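Colleague: Take these sequences, add in the hints, and give me the full structure.
Residue strings, one per chain:
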Amino acid sequence: MIRDITIGQYFPGNSFLHLLDPRAKILITLFYIVTLFLCKNFFSLFLLLAVAILSVLISRISFRVILKGLRMILLIILFTAALQIFYNSKGTVLWKPVPAWKFAVTDQGIFSAVFLSIRIVALILFSSLLTYTTSPTQLTDAIERLLSPLKLLRVNVHALSMMMTIALRFIPTLIEELNIIISAQKSRGADLDSGSLLKRAKALVPIFVPLFVSAFRRAYELAFAMDCRCYNGEKGRTRMKIMKLGPRDYVGFAASAILTAAVVVTSYVPLSSIFIFESVI
Amino acid sequence: MAIIETRRLSFGYSHGTPFEITALDDVSFTVEKGETVAVIGHTGSGKSTLMQMLNGLLTPESGAVLLDGKDIRSDKAFTRSVRFRVGLCFQYPEYQLFEETCYKDIAFGPKNMGLGEEEIRRRVTEAAAIVGLPEALLQRSPFELSGGQKRRCAIAGVIAMRPEVLILDEPTAGLDPRGRDDIFGMIRSYQQATEAAVIIVTHSMEDAAMLADRILVMNRGKLAFNGTVSEIFRHAEELEAIGLNIPASTKLIADLRRAGCELSPDVYTAQAAADEIEAYLRRKTV
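From first to last, the protein sequence lines are chains A and B. Under the numbering used here, the first residue of the first sequence carries the number 2, and numbering increases by one thereafter. Under the numbering used here, the first residue of the second sequence carries the number 2, and numbering increases by one thereafter.
Because the hints were derived from the structure by calculation, they are not lab data. Don't take every hint at face value.
What the hints assert, rightly or not - DSS-like mimics (lysine-lysine), calculated; alpha carbons at most 25 Å apart, straight line:
hint : chain 1 : residue 1 : chain 2 : residue 2
1    : B       : K223      : B       : K34
2    : A       : K152      : A       : K236
3    : A       : K200      : B       : K77
4    : B       : K112      : A       : K200
5    : B       : K252      : B       : K285
6    : A       : K152      : A       : K245
7    : B       : K34       : B       : K71
8    : B       : K105      : A       : K203
9    : B       : K77       : B       : K112
10   : A       : K152      : A       : K242
11   : B       : K77       : A       : K203
12   : A       : K203      : B       : K112
13   : B       : K223      : B       : K71
14   : A       : K200      : B       : K105
15   : A       : K91       : A       : K41
As the list claims (entries may be wrong) - Pairwise CB distance ranges, derived in the manner of DEER restraints:
hint : chain 1 : residue 1 : chain 2 : residue 2 : range
16   : B       : E145      : A       : M244      : 47 to 55 Å
17   : B       : G13       : A       : A168      : 29 to 37 Å
18   : B       : G117      : A       : D228      : 50 to 58 Å
19   : B       : H43       : A       : P173      : 17 to 25 Å
20   : A       : C229      : B       : H43       : 25 to 33 Å
21   : B       : G117      : A       : W96       : 51 to 59 Å
22   : A       : R219      : B       : I243      : 31 to 39 Å
23   : A       : K97       : B       : G117      : 57 to 65 Å
Stated by the list, open to error - Here chain A is said to cover these stretches of chain B; the calculated rule only asks that three of the stretch's residues, wherever they fall, bring their Cβ under 8 Å from a Cβ of chain A:
hint : segment
24   : 48-62
25   : 83-90
26   : 155-162
Nothing here was measured: the structure is a model prediction, and the numbers come from that model. Note that the Cβ used here is the ideal one computed from N, Cα and C, for glycine as well.
Modeller: Take a look at the structure:
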């Protein structure tokens, strides 16, 4: 159950995507997401979906892992799709169950439901690749570097990124701890999956009290350990690994720019002007 | 008759990801009523997976666990009752305390069993007495106790269910020798009071030799050895090959025997080794 969460996990490897500079990966992912929201028609949407699938193939991460990640958000997709069908009343009415109600299923409602679902799938596919192929330390390092201009506004970028590193580092630890606590309380007969809503909420107390206690204990221990190694923020700290953009990263940027251009052209330039020669003939 | 029996248990984790592991591979054994069995193996040998299978927390991919001759998966009500009849105490159980008072925490298991107020009170007092938790502490918050007391309180929470099979995963982890002796003492007194079978997971051969009638050695998900303490220690070399050491005193006696001294091979503690050598020297000088 909780063991099956794959979103946010890192799968070591040495594919093209693994070797890309993490800063480049973050920028390309952001670019992709923006493009995804710029896209207006099915042609460009399928182009984006195809690129996402192609990237999965390049990353050499098994499809089972990817599908597992998608399964987690299936509910969200179904919910959004249902909302679209129920609330979009523009277009031709296809089905009206109760004539007195305002509710009706329209062709545009179905269209936007399908469109949105594919958009979410593409979004999750592509953005989960970022964490699948980048180790947490690389990721936070890259974020620190990308946000460094904010230092001019006196934002403590280093502290923020250190907090993120620590948070990411402790997710698997706390999940493991949570699993043990659940197992231990189940061994004493805790019943987590039946009863009324109130009963189920109460059943969480034996799980979350120990989890919070242990999170605080770990926080204290880590703070002491950092203090013992003379950690005092960014001052005087040097880096072991210096990030440098290489030819591979420029290839990535170029591909991403071409994709955005293609999507913008097909979405916003009227079709007739693209096929202008045909119309002349 | 065997109180708990496993038949060809197999299990794996994370299928279809690069982290796939086979945790258990064809494990079969039985544990008799009133018997103490130590399960030994180093980290990742499948001990913990095995323990969680014995009370039905994990379902084996193939094979079965039998409690009193009945498959624990045979029906839902039975599976639930197995949780109480096979008491599983996890490693560092003090990290699972959550109630406002020790009394309430120990009463959590019996309450889930659906027992009456009076019976719960009896069981909590009895369990607290077995683990040596003073009655005055029962109304205190478990988070105010010392480390050793917390562990006693947590173990009492399992004992209060009066399980017929008591499983303890590394109950002495992080304790000093005295704390360890205390824990072993309370396991013995629980066993004497109830005739329960005890399964204790450890990676210390000394602990296993001190407490257990029988030792199961796990290696890479397989049951490598299953026998009495003296039988197991005769395989010193094979044990060392899988990274487990026999107690230093047993090793010393074995070396002396190889050198021609007539000593009994069944020696597992420093004290016994000293006595044995002293007796031998006396025999020789006479």
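Colleague: Are the hints correct? Go through all of them and say.
Modeller: Quick rundown of the hints versus the structure:
Taking the CA atoms of K223 (chain B) and K34 (chain B), the gap is near 24 Å; set against the 25 Å cutoff, the hint holds. With a CA separation close to 13 Å, the supplied pair K152 (chain A) and K236 (chain A) stays within the 25 Å bound. Our distance criterion of 25 Å between C-alpha atoms is met by K200 (chain A) and K77 (chain B), whose separation comes to about 20 Å. Pair hint K112 (chain B) plus K200 (chain A) holds up; C-alpha atoms about 14 Å apart against a cutoff of 25 Å.
At roughly 22 Å between alpha-carbon atoms, K252 (chain B) and K285 (chain B) fall within 25 Å of each other, so this suggested pair holds. The hinted pair formed by K152 (chain A) and K245 (chain A) meets the criterion: a straight-line CA distance of about 21 Å does not exceed 25 Å. Among the hinted pairs, K34 (chain B) with K71 (chain B) is consistent with the structure: their alpha-carbon atoms are about 15 Å apart, no more than 25 Å. The hinted pair formed by K105 (chain B) and K203 (chain A) meets the criterion: a straight-line CA distance of about 15 Å does not exceed 25 Å.
About 19 Å separates the Cα atoms of K77 (chain B) and K112 (chain B), which keeps this hinted pair within 25 Å; it holds. Simply put, K152 (chain A) and K242 (chain A) have alpha-carbon atoms about 21 Å apart, close enough for the 25 Å limit, and the pair holds. A distance of roughly 23 Å separates the Cα atoms of K77 (chain B) and K203 (chain A); the hinted pair therefore holds under the 25 Å criterion. Between the alpha carbons of K203 (chain A) and K112 (chain B) the distance comes to roughly 14 Å, so the proposed pair stays at or under 25 Å and holds.
Between K223 (chain B) and K71 (chain B) the CA atoms are separated by roughly 24 Å; this keeps the pair inside 25 Å, and the hint holds. Using a Cα cut-off of 25 Å, the hinted pair K200 (chain A) and K105 (chain B) holds, with the two alpha carbons roughly 18 Å apart. Between the alpha carbons of K91 (chain A) and K41 (chain A) the distance comes to roughly 17 Å, so the proposed pair stays at or under 25 Å and holds. For the pair E145 (chain B) and M244 (chain A), the supplied restraint of 47 to 55 Å holds, since their beta-carbon distance comes to about 49 Å.
Take G13 (chain B) and A168 (chain A): their Cβ atoms lie about 31 Å apart, and the range 29 to 37 Å holds. Checked against the hint of 50 to 58 Å, the pair G117 (chain B) and D228 (chain A) passes, with Cβ atoms roughly 52 Å apart. For H43 (chain B) and P173 (chain A), the Cβ-Cβ distance of about 22 Å falls inside the hinted range of 17 to 25 Å, so the restraint holds. About 29 Å separates the C-beta atoms of C229 (chain A) and H43 (chain B), a value consistent with the hinted range of 25 to 33 Å.
One distance hint, 51 to 59 Å for the beta-carbon pair G117 (chain B) and W96 (chain A), holds here, with the actual separation near 58 Å. Roughly 33 Å separates the CB atoms of R219 (chain A) and I243 (chain B), a value that falls within the hinted 31 to 39 Å. Checked against the hint of 57 to 65 Å, the pair K97 (chain A) and G117 (chain B) passes, with Cβ atoms roughly 59 Å apart. Requiring three or more residues with a Cβ within less than 8 Å of a Cβ of chain A, the coverage given for the segment 48-62 of chain B holds, as 3 such residues are present.
Given as covered by chain A, the segment 83-90 of chain B passes the check, having 5 residues with a CB less than 8 Å from a CB of that chain where 3 are the minimum. Only when three residues or more bring their CB closer than 8 Å to a CB of chain A does the claim for the segment 155-162 of chain B stand; here the count is 3, and the claim holds.
The structure meets every hint from the earlier list without exception.
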